[in-house]
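Input sequences plus hints: build the corresponding full structure.
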Amino acid sequence: MSAKEESPLKKVCIICAKGTIEDVYATLVMANGAVMEGIEAKVFFTFFGLDAITKKQMKRLKTATVGNPAMRAPGGLPFPTVLGMVPFVEMGVSAMMKSQMYKLDIPPVEEFMEMITAGGGELYACKLAMDMFKLEKKDLYEGVIDVLTIGDFYGKCGGDNTQIIFT
Amino acid sequence: MAEKTIAGKSISVNEEGYMTDPSQWDHDVAKELAKEDGIELTDKHFEVLEFLRTVTEKGETLTIRKVGKSGIVDIKGLYGLFPGGPLKISSKVAGIPKPSSCV
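Here the protein sequences line up with chains A and B, keeping their order. Numbering follows the numbering used here, in which position 148 of the first sequence is assigned residue number 148; successive positions increment by one, without gaps. So the number in the numbering used here is just where the residue sits in the second sequence, counting from 1, plus 1000.
What the hints contain is simulated information worked out from the structure, not anything from laboratory work. Remember, it's a predicted structure, so these values are computed and weren't measured experimentally. Hints are not guaranteed to be accurate.
Unchecked claim - Each computed BS3-like pair below joins lysine-lysine, with the alpha-carbon atoms no more than 25 Å apart:
1. B/Lys1076 with A/Lys55
2. B/Lys1076 with A/Lys59
3. A/Lys55 with B/Lys1069
4. A/Lys127 with A/Lys138
5. B/Lys1076 with A/Lys10
6. B/Lys1066 with B/Lys1088
7. B/Lys1076 with A/Lys156
8. A/Lys103 with B/Lys1076
9. B/Lys1031 with A/Lys11
10. A/Lys103 with B/Lys1069
11. B/Lys1031 with B/Lys1058
12. A/Lys56 with A/Lys98
13. A/Lys10 with B/Lys1098
14. B/Lys1066 with A/Lys103
15. B/Lys1066 with A/Lys59
16. A/Lys11 with B/Lys1098
17. B/Lys1031 with A/Lys98
18. B/Lys1088 with A/Lys11
19. A/Lys10 with B/Lys1088
20. A/Lys137 with A/Lys56
21. B/Lys1069 with A/Lys59
22. B/Lys1035 with A/Lys103
23. A/Lys103 with B/Lys1004
24. A/Lys18 with A/Lys98
25. B/Lys1069 with B/Lys1088
26. A/Lys98 with B/Lys1035
27. B/Lys1066 with B/Lys1098
28. A/Lys10 with B/Lys1069
29. B/Lys1058 with A/Lys103
In structure tokens:
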């Protein structure tokens, strides 16, 4: 740590609202990175982000192959959107994303969440989105502490040097 | 880069306090380094430290996941051994470079 850093970050509150592989992993990497640095981390899953903590879906996250201009084929070749509409392409691309991450020792979603909670990170689900998607607490991964309103979640985001991050 | 005398030995460390020459490391140095972070080393700590050093010597990237799968300690246990920095503090005490992985 440099001497200039007088007031280090103490807590991050991360809101995960999307359910693609990359959005969910962005959230998990940030949450895990925080607890590894001794920074408190609280994650709030809402809307499609709920897929990441829904038992049925968490192992089946996908990357969107349509409307994603930054996605290229291996070797940097262009990947036209219409290709993304071809059956099974999404599955193939998603499998490839996962295998590339696995090579970097980035674990599957469930194991990643275990790592985060082992470090004291906390996972919450959004009540409104749960109602909207007709989900119940029993449908969620066991590591999720509670189903909260956004107001209750904000109640956990107080304190100096706290940041809220939206992915 | 700086020289630092610890446990009666002179060791070189970088500006963040990580040792730059792993061969200068021994258990007494580790004990003193751990004390700086308020940790009293046990046999379990040393098992982890030796593991970290072995992995690093092989040129592999360290992650807490690897430590969790080492059979020495699970991830929760690792946080318990090195509070506030399971990989960072342990690497510092193990006399190896600061971990370069995000996981």
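Restraint check for A/Lys10 with B/Lys1098, where alpha carbons must lie at most 25 Å apart | holds (21 Å)
Starting from B/Lys1031, check that the Cα of A/Lys98 is at most 25 Å away, please.
-> violated (40 Å)
Agreement of B/Lys1066 and A/Lys103 with the hint, judged by alpha carbon distance not exceeding 25 Å | holds (12 Å)
Hey, B/Lys1069 versus B/Lys1088, does the alpha-carbon distance stay inside 25 Å?
-> Judged against 25 Å, a Cα distance of about 18 Å means the pair holds.
B/Lys1069 and A/Lys59: Cα distance at most 25 Å?
-> Status holds; Cα separation ~21 Å.
Given pair status - B/Lys1088, A/Lys10, alpha carbons within 25 Å = Roughly 17 Å separates the two Cα atoms, so the pair holds.
Quick one, are A/Lys56 and A/Lys98 close enough, alpha carbons at most 25 Å?
-> Answer holds: A/Lys56 to A/Lys98 is near 18 Å, not above 25 Å.
Within a Cα-Cα threshold of 25 Å, do A/Lys137 and A/Lys56 meet the stated pairing?
-> holds (13 Å)
Are the Cα atoms of B/Lys1088 and A/Lys11 separated by 25 Å or less?
-> holds (18 Å)
Mind checking the alpha carbons of B/Lys1076 and A/Lys59 for me, to see if they're no more than 25 Å apart?
-> holds (23 Å)
Do the alpha carbons of B/Lys1076 and A/Lys55 lie within 25 Å of each other, as the hint requires?
-> Roughly 22 Å separates the two Cα atoms, so the pair holds.
When you check the alpha-carbon spacing of A/Lys98 and B/Lys1035, does it fall within 25 Å?
-> violated (40 Å)
This entry does not satisfy hints 9, 17, 22, 23, 26 and 28, going by the numbered hints stated previously.
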